[in-house]
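Trainee: Chain by chain, the residues:
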Amino acid sequence: MNKTYSALNLFREGLRGQRGWTPAWRSPKPKPKYDVIIIGGGGHGLATAYYLAKNHGVKNVALLEKGWIGGGNSGRNTTVVRSDYYYPESAALYDLSVRLYEGLSRDLNYNIMFSQRGMMVLTHSEAEMEMAARQVNAMQINGIDSQLLETEGVRKLAPILNFGREARYPIHGAMYQPRGGTARHDAVVWGFARGADSFGVDIIQNCEVTDVIVEAGRATGVATTRGEIRANRIGAAVAGHSSVLAQMAGYKLPIHSYALQAFVSEPLKPVMDTVAFSPAYGTYFSQSDKGGLVIGGGLDRIPSYGQRGNLPVHETVLGGLCEMVPMLSKVKLLRHWGGIVDVTPDSSPIIGPSGVDGLYLDCGWGTGGFKAIPAGGYMLAHILATGEHHELSRPFDLSRFTKGRLIDEGAASGISH
Amino acid sequence: MQLFPCPFCGLRNEREFHYMAEPGKFRPDTSSQISAEDWAAYLYDTRNEKGRVREIWMHQTCRELFVMERDSVTMNVLGSTSLRASAGEAAE
Amino acid sequence: MSGTRISKGGLIDRSTLLRFRFDGRDFTGHPGDTLASALLASGVRVMGRSFKYHRPRGVWGAWFDDPNAVFNVTLKGDELPNCPATTTPLVDGMEARAVNAWPNAESDIKGGLDLFHRWLGAGFYYKTFMWPDWHLFEPSIRKMAGLGAVDGKVIEGYVADQLHDHCDLLVAGGGAAGLAAARAAAEAGQAVVLVDDHATLGGGLYQGDEPVEGEEPRQWVATQEAAIRAAGGRILSSTTVYGIYDHGLAALAEDRGFARAPRLWRMRARRILMATGAMDRPITFADNDRPGVMSLQGAAEFLGRYGVLVGRKIAVLSNNSQSTPIVAHLRAAGAEVIEADPDEGTLRALDGKRLSGVQIGGRKIDCDTILASGGLTPTVHLWRHAGGKLDWSAEKAAFVPGAAPQGMVAAGAANGTFDLDPALAEARAAALGNAPETVATGYRIKPLWPQPGAKGRQWIDFQHDVTLKDVELAARENYVSVEHLKRYTTLGMAADQGKTSNMAGLAAMAAIQGRPIPEVGTTTFRPPFVPVPMELYHGTRRGQLVNPLKRLELEAQHRQAGGAMCEYGGWLRPGWYGPDQETAIRAEVLAARQAAGVFDGSPLGKIEVMGPDAAAFVNFIYYNTISTLRPGHIRYGFMLRENGLILDDGVVARLGPDRFLISCSSSHVASVELMLESWRQDGNDPDRIFVHDTTPHWATLTLTGPKAQQIVAALDTGVDLDDFPHMTLREGQFDGAPLRIARVSFTGDASYELSLRAGKAGALWQAIMAAGAPHDLRPVGVEALSVLRAEKGFIMVGKDTDGETMPHDLGFGVPRQKKKAAFVGDRALHSDTANAPDRRQLVGLTLPEGALPLATGAHIVTTGPKPRSIGFVTSSYFSPTLNRPIALALLEHGSERMGERVTLRHMGQTATATVSAPCALDPEGERLNA
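So the sequences go chain by chain: Y, L and V.
Going by the UniProt record's numbering, 261 is the number at position 261 of the first sequence; the sequence numbering is gapless.
Going by the UniProt record's numbering, 78 is the number at position 78 of the second sequence; the sequence numbering is gapless.
Going by the UniProt record's numbering, 891 is the number at position 891 of the third sequence; the sequence numbering is gapless.
Isolated chain Y (complex conformation) (with noise of 0.2 Å):
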């Protein structure tokens, strides 16, 4: 049984060497058949695994994780959450995952500090300003907290920034969302890991899945580095490597993979409130609780699975950073690394029936696949346990594009997300 954690317990195992503590989760070895099996331990597997048991009572559940858990795009990302999409389908979508964030660290007994800093895009011109507008109105309309800025609603609240006239691109506005922010990723691995483990959830680690078992046409189990296991569903959610688990199983996804870096500099006194991103520039950045400015960009342009940065777009990104906040050009950079992510064509996740059946997806996140950590699990878990499609997960089923009802928020905005 897990210990609560709580001030009060913190006090008390400080008194004894903090011995009293338990594991997180457990590292149980597989059983030969589950009622659901979930492939990828990171944040959406997790979280899948996490809900399954909690809002759908089905607790006899297997997470395969190939490596360690968080150790693909949950443990790479730059840690953004916000809600700040164009359509209705986006908007409520990730505005539920933005709630679950809100009351996750209660829910999960775990601090995952989500701080809801702010989150804006800036404008560098009257015709972006428009369009802001344009995004601005209709997140409005769909219940989402978002406002347009003036530059000096701007400078209040990110005066590092370069407002001077003869910047490249001068600083004209903001589309602004304050309950959008920042939250320590990998607490959110571990503290989905440690609420599934407690309902009872097998979470194995170092167990890659090798093929997926297809019988009449069904999935009924996966080839692993442990052995065979059986269940009566599985769920996917192996962001980056989508398609080759597509290709064991036999579907067909429309994703690339493309490499997605990230930045951290040394840690500095606090210098900057809220998460800002310059699509002109193509670069966004925050500052962590730790001091370090977390610093990120758009994909790589060259598709690839090797999880590792390059100089090109270094040299995009950061100069771009230089650009936006001269002042921090003589800052350090302490580390870069990269992640892959599925890339989808409209830039909208996948969430549903996979072609093969008893097989569900929940991927095609691209670069925003952290935000939406809770309400991936929270779909992914709906229709594991269900079969059926939640009402919100419905317009992001792969059939979209048979139909052509893409979800294009990237064409919507002229905004890559």
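These aren't lab readings, by the way, just hints derived from the structure by calculation.
Given the structure is predicted, the values throughout are model-derived calculations rather than measurements.
It cannot be assumed that every hint is accurate.
Between beta-carbon pairs, the in silico distance windows are [unchecked claim]:
1. V:G925 <-> Y:R394: 45 to 51 Å
2. Y:A216 <-> V:T438: 55 to 61 Å
3. Y:R394 <-> V:T628: 42 to 48 Å
4. V:V439 <-> Y:G67: 35 to 41 Å
Listed below are several chain L residues computed to face chain V (Cβ distance under 7 Å; list not exhaustive) [to be verified]:
5. T30
6. W39
7. R63
Every residue gets a Cβ at the ideal spot worked out from N, C-alpha and C, and that includes glycine.
Chains L and V: place on chain Y using the hints.
Mentor: Structure of chains L and V alone, referenced to chain Y:
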């Protein structure tokens, strides 16, 4: 920064190249009925292999399309051929 | 007593005195010193405070491996945050302050935090601060965290040089192995670049002060350097190879002095030889973080390079044979050295800031300094950046390079060859691509790893205050993967990125779990090897050189005419002419409607498509039927993407049977050309079609308005203007140069689009202005043109269309139903979504007279308790021609809503308007031929 071999210009900086598509996809004849599924497969389905891949790229400075074979994990480039030569191969 | 400067030895210049301040006190040092060596030489021990507990800290290592002494340094008003004291060369006049300590490192008011350490262990913050809410705690925690503060100043001239270079062999590391390798390769005719991060090469050769191949170390280094240069090799000192990237690209940062941006070298090497040496690792024992507990190698470096003896009475705790020459060197310099086997008993450093000794089991050694060496760890970061593998060597108790990445080889201590002569032989062989003879190593080590359950606080990561107990807690809570260990405890995530701590951390986890060390494995080695300023990546791609604007041939003329130059789709164009935007736009619109306007349309795309298959090709590319277009005629049409969405609109002219001129939107030239080339080469016979973008070669000036024809007539173009219907094209001349005149109109008034060689544009502009003067001709900017076209309901793709718009949404539905030939996007125009009844269609919105214009971006909503967006305003202006506001919008089944009153919302405010046809002016098109 990677170096890609344009079959016409030799090794050049990756910034000069633009990824176009996976080869081997042929446009369906739209004068006849094509099911929505087949059209969607043509438009969107990808192989997206991990490891050895064949891809169509454009060398933007000379505007020529060519087929490059490379490893999508290690980024090692295995070779490139002009699209015309490659089309010949495919037809054989 | 602690450190002192000895009277001779080292690489410093004792004849020159440099003055500096640290934490408010005055000090001196010499050229060749680092801030750390000068402070040590002055007897300063406490140089920093740890991140979490604010424990006093001295330097541990002498170079990039020191995690403790981090300063904000100011020189002549320029301040840099978080400078490692051990790698910052001393400059006269520096003012340094320990970060994260107040008022100073010696007596930090937050030092008391250490008393609460039992509650602040690994990950404590994950277990609390949840109630009532994290936001309550976060601000004060943020203030506690962070190292140095960054000031708001931009350092003048702080611009990184960025160079491209290449070589046959890049040697990373200028110690014994690197020098030997570089010389061997250079003398064999290879283009060699030798890189070392110190100002003076030699690596660890100064630590023991023993002869190298019979020469005194400094002399040997000088001999090698001279030989390398003589053989044509290059040497970059004060330069760090900080990352290895794809295809043999090494990234180098060259230090160019304090507060100057480093220089980036993008070095493409055929082969890379890693001779980066090895690092001493700490021994984990109680209070091993005390000031005065140092790396043995670090102490040897301070002595050998800076002439600093780090203590008088030194206890050397070493489990390996590298200590022998160092101890001799320390003794020769005058220190009293007591050697002890660290494995003899339980170790504990005694007393606090003023170290007084070390306890070993039951024995106490009095000393002022403890030099600990837990063994050498090869510096394999670059190997791992490039994808090389590591092998565990039980004999050397270290990870050593295993399977090599392509084009890379390791030699010397970096390869686990810790003895000098074998390292030299190995390096020379590796430089020439030969396999070296294997020589038995003289290096001996008795492995000593952290002991789980040991008493006291034993530091693993010094800067981040991660102790053995934290590793034990992580194991207890099942954060046992080496990556979970790192992330949960923050071990290895400090500014030194685990250079001192990673081995101890994973060895501790291995010991706790009873697993072999190689099974636990390492975390990923990520660039940069040492922190580098962001400016390194910035360079000259700054200011207006970021995505440089395209400039008009006539920019000077526009400016002279009062043009307000603004960016439109990557071009710098006149937005309007005159000081007041509103007045100017109104005047320009009225002039264009009542007299004449001239507009610089040069950025409009001019892509020629020619060849025997050109006609069929263009017909396939366009949504509209183009095959029936006759030479000399022009047609308006759309290009789609294969998914049916509009890529661009514009006119296409047929110049001849096999020659077309595609005029696309100024911001879509690149994407249209890419699309054309893609279809040309992939799906057609590229020998029968040729695509050529001539946009930059031609300038275009468009005359529009009732007087336009009279002005063109005055230009003597040789074109018969009376027999020149709308949507046709004529070739004439101007000033002896070919001139194309197209009768197309984006304003709804009769227009003449004059295109000619860009170099002639100035003359044409002058002629037009002269010819137009009697007719009240005005130059018209982009803004007025936007109003003029909106009055006519003409769209701008990307503004009046969005990521869902298909041509039938804009009233161009005929080709979708009737065009027989295949065209790009054809099938997609019949998808469920394309056929949906609720598509958003282009409409106009009419407002009552006297109303204010609608906001562009306002949404049209359903009424009722839960409003839903059914469309939005894409363009909105006050029309000077009609003397009322006009607007275009995309609206769900808008074409069926003509005359309907709709409600709009903008930033919480509502407005109403009436749905109308998009065209608000001259729907019959009579003005075109007026």
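Trainee: Regarding V:V439 and Y:G67, is the given constraint of 35 to 41 Å on their beta-carbon distance met?
Mentor: 39 Å, holds
Trainee: Is it true that the C-beta distance of V:G925 to Y:R394 lies inside 45 to 51 Å, as the hint says?
Mentor: Holds: the Cβ-Cβ distance is about 46 Å, inside 45 to 51 Å.
Trainee: Can you verify the interface hint for L:T30: is its Cβ closer than 7 Å to any Cβ in chain V?
Mentor: Result: holds, 5 Å to nearest chain V Cβ.
Trainee: I want to verify a distance hint. Is the separation of the beta carbons of Y:R394 and V:T628 within 42 to 48 Å?
Mentor: Because 45 Å falls inside the window, the suggested range holds.
Trainee: The hint names L:W39 as touching chain V; please verify it with the least Cβ-Cβ distance against 7 Å.
Mentor: 5 Å, holds
Trainee: Should the hint that Y:A216 and V:T438 are 55 to 61 Å apart at their CB atoms be regarded as holding?
Mentor: Holds - the Cβ-Cβ distance for Y:A216 and V:T438, about 59 Å, lies within 55 to 61 Å.
Trainee: Would the hint on L:R63 be counted as holding, given a Cβ-Cβ threshold of 7 Å to chain V?
Mentor: Where the cut-off is 7 Å and the nearest Cβ of chain V is about 5 Å from L:R63, the hint holds.
Taken one by one, the earlier hints all hold for this structure without exception.
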